[in-house]
Amino acid sequence: MRPIRASLSALLVFCAATHTARSDWILAASAALNHDNNVGNAENTASMVADSRAEANVSLLRQMPFGDGFSLTAGGDLSGQLYDHLSGLNNASIDGMLALKKKWGLGAFAPWSRVGISVGRVEYDDRYRDATLYSAALEAGKRLNERWNFWAKYAFELRSAAPAESDIYGVSSDVFSQRGQSFKVGVQYSLSERMSLSFGSLWRYGDVISTTQPGADIFANSKAVAPDPTFGPDAYAYRLAGTTIGGRLGLEYSLTAHSLIGFGFQRLDTHARGGNNYGDSMPELTWNYQF
Amino acid sequence: MKPKRFTATLGLVLGCAALAHSAELHVTVKDHKGKNIEDAVVLAVPVDPRNAQRFRPPQDAVDQVDKQFVPYVKPVFVGSTVRFPNSDNIRHQVYSFSPAKKFELPLYGGTNAPPVIFDKPGVVVLGCNIHDWMIGYIYVSETPFFAKTGPLGTASITDIPPGDYIVRIWHPNMDRAEETTSRQVALGAEPVASAEWQLGLKAGIRVRRVSGAASPSYP
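Residue numbers (this note's numbering), protein chains in the order written: chain F, 19 to 309; chain S, 59 to 277.
Next comes chain F alone, as it looks inside the complex:
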């Protein structure tokens, strides 16, 4: 976890150095409990592994408005995930981000757009999954009125990991490096002063990782293959090209002006090359706090 410690120090130095400036510091925290019925993205039922996990995240962002509706946001996140059974997937991550937002008008109902980049590092208990994460995103949104809020996001994501150790001659073992692009749309509807309903939809195309028992079909269609002992001694991870379509339905309740809790259900279905298709269902409880 040495790179994470170094990045954390850099983030703290950045924060301390800019502390006196008149700009908006946003300190936010979130936590979630969720259950994934198919953590490894396996196609057949026999290979599916379900697990529950707890997540926590702390963000420190500095928002710098500079006129004409422009604002620059810079900052970082510290996150962690703890799995109930698959302890090799326990991880900690840190990332830094920079985003430029433009509000096309005055007021809460003015449309906005944002372009942003982020760089992060995630480290797992099973180190062969460690990766550096890069992403660039373009977002836009509009609040129609006090009840309805719409937004959309396009993102390009790149995940760079060291090739895993592999005993398969002639086949790439760089299974945990991925690239992909995604498009999300979201809508939020306020049911009352404190309660809101949200729906988000996702389309993603790019590399996916499926961990399952060895098989000829999936092997033939994979870009990379490597053993994945996190899921057992006979499990292999396959990197495939695939398209994911999914949705998330959520209900959120404001506990105070600064915090809210929520319940969400997410369903993702992936159609991977060679007919290797799989699905994930994930109910989750969330908590968000913003100072």
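Calculated from the structure, these hints are not laboratory results. Be aware that one or more of the hints could be misleading.
Chain F is nowhere near these chain S residues, computed Cβ spacing over 10 Å in every case [unchecked claim]:
1. Glu162
2. Ile175
3. Val250
4. Gly262
Straight line, CA to CA, 27 Å or less: simulated BS3-like cross-link-like pairs of lysine-lysine [as the list claims (entries may be wrong)]:
5. S:Lys88 to F:Lys120
6. S:Lys260 to S:Lys88
7. S:Lys160 to F:Lys120
8. F:Lys160 to S:Lys125
All C-beta atoms, glycine included, are put in the ideal place defined by N, C-alpha and C.
Got chain F; can you put chain S on it based on the hints?
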């Protein structure tokens, strides 16, 4: 007694006499379940407009504290000058689209913003272009006799010249038109008059400060 001293004494006596004859109105505002309503503006409009002539609009202020307008509701007399000091250690961009007063204070911190004159009666909704959840109200009153209810749902208007008044109530979330709350009240027969209003409030749906799991990624 010297003439100057006599004039001053006479003025004082007459002033005291005028105060002695002034009335006070105590108002309680509750919802239909009997719960106290805070931030309701109570207005007493004199039927005889001469009763309001001697008043001059004062200077007022609406502060910004912890990314909120303080107070949330501010009643002012028409013609008042209102300053918008910013007590936060960040910059705000205050604006209003309301017909009663359209204005914008470009990004500023501290007490640098120029004051704004509210010269037309009506409701002015305040916002901040950086922090969308910030909302505040300035009620520009055509009468100098007004007050705002506190947490107990009570408000008192003091030093009202005796006479007939149309009293009405306004609240940001009231479920009916302000005019429908009007009542004629005769003040002055007793030094203190009391009245109670019942208001229905609709849900005050506002932009939220906290981003949830389903919200866009950054503020």
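Status of each hint after checking the structure:
Consistency note on S:Glu162: stated as away from chain F, yet its beta-carbon is not over 10 Å from all of that chain's, at 7 Å minimum. The Cβ of S:Ile175 sits about 20 Å from the closest Cβ of chain F, beyond the 10 Å cut-off, so the non-interface label holds. Every CB of chain F is more than 10 Å from the CB of S:Val250 (nearest about 36 Å), matching its label as outside the interface. Not every C-beta of chain F lies more than 10 Å from that of S:Gly262, the closest at about 6 Å, which undercuts listing it as non-interface.
Proposed proximity of S:Lys88 and F:Lys120 is contradicted: the alpha carbons are some 43 Å apart, above 27 Å. At roughly 14 Å between alpha-carbon atoms, S:Lys260 and S:Lys88 fall within 27 Å of each other, so this suggested pair holds. At roughly 22 Å between alpha-carbon atoms, S:Lys160 and F:Lys120 fall within 27 Å of each other, so this suggested pair holds. At roughly 22 Å between alpha-carbon atoms, F:Lys160 and S:Lys125 fall within 27 Å of each other, so this suggested pair holds.
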